[in-house]
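Which chain is which? The protein sequence lines are R and Y, in order. Quick note on numbering: my numbering labels position 97 of the first sequence as 97, and the sequence is numbered without any gaps. Quick note on numbering: my numbering labels position 248 of the second sequence as 248, and the sequence is numbered without any gaps.
These are calculated hints, taken from the structure and not from any lab test. Any given hint might turn out to be false.
[Stated by the list, open to error] Pairs of lysine to aspartate or glutamate, EDC-like flavour, derived with a Cα cap of 20 Å:
| id | chain 1 | residue 1 | chain 2 | residue 2 |
| --- | --- | --- | --- | --- |
| 1 | R | Lys105 | Y | Glu268 |
| 2 | Y | Lys105 | R | Glu268 |
| 3 | Y | Lys89 | R | Glu28 |
| 4 | R | Lys89 | Y | Glu257 |
2 protein chains.
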Amino acid sequence: MSLDFAAIRAAQERIRAYIHRTPVLTSERLDDASGGSLLFKCENFQKVGAFKPRGATNAVFSLDDATARRGVATHSSGNHGSALARAAKLRGIPAHIVMPSNSAKVKLRAVESYGARIVFCEPTQEAREVACADVIAKTGATLIHSFENEDVMAGQGTAAVELLEEVSDLDVVMCPVGGGGLLCGTAVAAKAMRPKIKVIAAEPANADDAARSFRAGRLIRTEKKFTIADGLRTNVGEPNFQIIQRYVDEIVTVSEEAIIAGMRTIWETMKIIIEPSAAVPYAAIVERKIDIAGKCVGIILTGGNVDLDALPWM
Amino acid sequence: MSLDFAAIRAAQERIRAYIHRTPVLTSERLDDASGGSLLFKCENFQKVGAFKPRGATNAVFSLDDATARRGVATHSSGNHGSALARAAKLRGIPAHIVMPSNSAKVKLRAVESYGARIVFCEPTQEAREVACADVIAKTGATLIHSFENEDVMAGQGTAAVELLEEVSDLDVVMCPVGGGGLLCGTAVAAKAMRPKIKVIAAEPANADDAARSFRAGRLIRTEKKFTIADGLRTNVGEPNFQIIQRYVDEIVTVSEEAIIAGMRTIWETMKIIIEPSAAVPYAAIVERKIDIAGKCVGIILTGGNVDLDALPWM
Numbered sequence: 001m002s003l004d005f006a007a008i009r010a011a012q013e014r015i016r017a018y019i020h021r022t023p024v025l026t027s028e029r030l031d032d033a034s035g036g037s038l039l040f041k042c043e044n045f046q047k048v049g050a051f052k053p054r055g056a057t058n059a060v061f062s063l064d065d066a067t068a069r070r071g072v073a074t075h076s077s078g079n080h081g082s083a084l085a086r087a088a089k090l091r092g093i094p095a096h097i098v099m100p101s102n103s104a105k106v107k108l109r110a111v112e113s114y115g116a117r118i119v120f121c122e123p124t125q126e127a128r129e130v131a132c133a134d135v136i137a138k139t140g141a142t143l144i145h146s147f148e149n150e151d152v153m154a155g156q157g158t159a160a161v162e163l164l165e166e167v168s169d170l171d172v173v174m175c176p177v178g179g180g181g182l183l184c185g186t187a188v189a190a191k192a193m194r195p196k197i198k199v200i201a202a203e204p205a206n207a208d209d210a211a212r213s214f215r216a217g218r219l220i221r222t223e224k225k226f227t228i229a230d231g232l233r234t235n236v237g238e239p240n241f242q243i244i245q246r247y248v249d250e251i252v253t254v255s256e257e258a259i260i261a262g263m264r265t266i267w268e269t270m271k272i273i274i275e276p277s278a279a280v281p282y283a284a285i286v287e288r289k290i291d292i293a294g295k296c297v298g299i300i301l302t303g304g305n306v307d308l309d310a311l312p313w314m
Numbered sequence: 001m002s003l004d005f006a007a008i009r010a011a012q013e014r015i016r017a018y019i020h021r022t023p024v025l026t027s028e029r030l031d032d033a034s035g036g037s038l039l040f041k042c043e044n045f046q047k048v049g050a051f052k053p054r055g056a057t058n059a060v061f062s063l064d065d066a067t068a069r070r071g072v073a074t075h076s077s078g079n080h081g082s083a084l085a086r087a088a089k090l091r092g093i094p095a096h097i098v099m100p101s102n103s104a105k106v107k108l109r110a111v112e113s114y115g116a117r118i119v120f121c122e123p124t125q126e127a128r129e130v131a132c133a134d135v136i137a138k139t140g141a142t143l144i145h146s147f148e149n150e151d152v153m154a155g156q157g158t159a160a161v162e163l164l165e166e167v168s169d170l171d172v173v174m175c176p177v178g179g180g181g182l183l184c185g186t187a188v189a190a191k192a193m194r195p196k197i198k199v200i201a202a203e204p205a206n207a208d209d210a211a212r213s214f215r216a217g218r219l220i221r222t223e224k225k226f227t228i229a230d231g232l233r234t235n236v237g238e239p240n241f242q243i244i245q246r247y248v249d250e251i252v253t254v255s256e257e258a259i260i261a262g263m264r265t266i267w268e269t270m271k272i273i274i275e276p277s278a279a280v281p282y283a284a285i286v287e288r289k290i291d292i293a294g295k296c297v298g299i300i301l302t303g304g305n306v307d308l309d310a311l312p313w314m
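Sequences and hints are given; from them, build the entire structure.
This is the structure we're talking about:
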């Protein structure tokens, strides 16, 4: 793998003009409750409402002109689709976003608002991949995978860079793991900037393929149960898993109850809106899955896109 | 009246160690929608979840030692009670908070958590005042009224000072008006720091006594209809009205629908939690009650305490 800190630093320069440098927030009340010192990197305030534009923008602006002109494509039911559509618009190139026919209207509208072309498919992983391959064959567009692409991983790592630039003495950095794009970028960045830092990922127990794979030392596909953390339902990627094995210290799992309670606590205490996936690392602290007593812990709050008509505690 | 900018500057020094300097956030999307440039002063991130600790803390720390030792008292069903309890705890003096017997449990718990004594009364304005006078007669405590007290007004004005320190070229500053404590502090501070600024208050049409009084040039008591903006149900105070007449440029009113829609838009777009009262100025912009085209508009988001089980759009 060639994902290294130089690639992440280059990404930081490449995307700087197109993304927010998001704030790092703290809460005395959550510190008191946890026994540690928590620093929340607020990617819920990022463009598109999630960290995803970091990676998508880096990938789009890494393409040479001739390749870029043919456009980009991906399959995504979530924030990566919007992020890629936005990045393509910023570069002035076509974007083809394959989306399941049952996608939420708000997500369709977001992608459309950036002028991307939506290609509908059946709501299965296989149908998504087939439809995406078909688009690429017909248009010559470049696939920008939402987490297996190295430029995407490098871009996602810039959130951790900003966090460590602001708070240099972190003992631990935490993020959730789904496909592993954010985790790879975070781990490589954090270990380069602060070699003694612990990189700890958190995952819903109901979608614990990354944790099981990490323990087994080989990629395991698990049967997924439902998780409210919709951003983390995906399996960890193969290239991602290799990087995770090398750089990540621990992967912990959390209950659905803890995700919902943690999300609500952050809403009530910090007055910020985060989506269920973003609450997963904090849920691990609440469930005492890791010991953070006296430690300085950076947590990447990955996004804030929720349906306000269907909150998990309703 | 002796409320002047010197009092507000003195308040700023007095309370600096006890309150947050809250961030000023912006949103390109809301700017595009409104045609102006909006700067949101986030008092929803303030201690106690609202701007109220600014005034309460200033009032408590303005007392001489002998007076302070006898304690402070107020009647409040909302954030001022918690703010006063907290300020008294910081100074190490007793606080007596008169609260209606039907107060929300979360508010009772907040006041209790600061070690204040709660005195229950019937949920009418008269009962509150009688119970408070009784406490004061028995204990010698000093009344810290939630908006008629000048030290409270001076403290509330520090939010506008911080906002104008950060963004010096505001054309307009907006806040909601209930009793008028925040509005008085805001108006005096803003006109001192930037004499050509327009100070515009916003009020629910269903509780429009301040707007009517302002137009009539004399204090008018109106029959209140229900408003979702629970922080603004109170009548504007007499001392407040005098200051408002002198310093405020305009008071506009907004519909209940606009308050709810505006609140939801800010949640969805900015990913921050604000209470209905805090959405009232933005609602006035959405309803085109003022012309902000091309203007730089500071908006004080007054608080973020909401019951997540009973959101207005549920």
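Each hint, compared with the structure:
In summary, the hint linking lysine 105(R) to glutamate 268(Y) is supported, as the alpha carbons are separated by about 15 Å, within the 20 Å threshold. Only pairs whose Cα atoms come within 20 Å are accepted, and lysine 105(Y) paired with glutamate 268(R) is accepted, the gap being roughly 15 Å. A threshold of 20 Å between alpha carbons decides the hint, and for lysine 89(Y) with glutamate 28(R) the separation of about 17 Å falls inside it, so the pair holds. For the hint pairing lysine 89(R) with glutamate 257(Y), the CA-to-CA distance comes to about 35 Å; that exceeds 20 Å, so the pair is violated.
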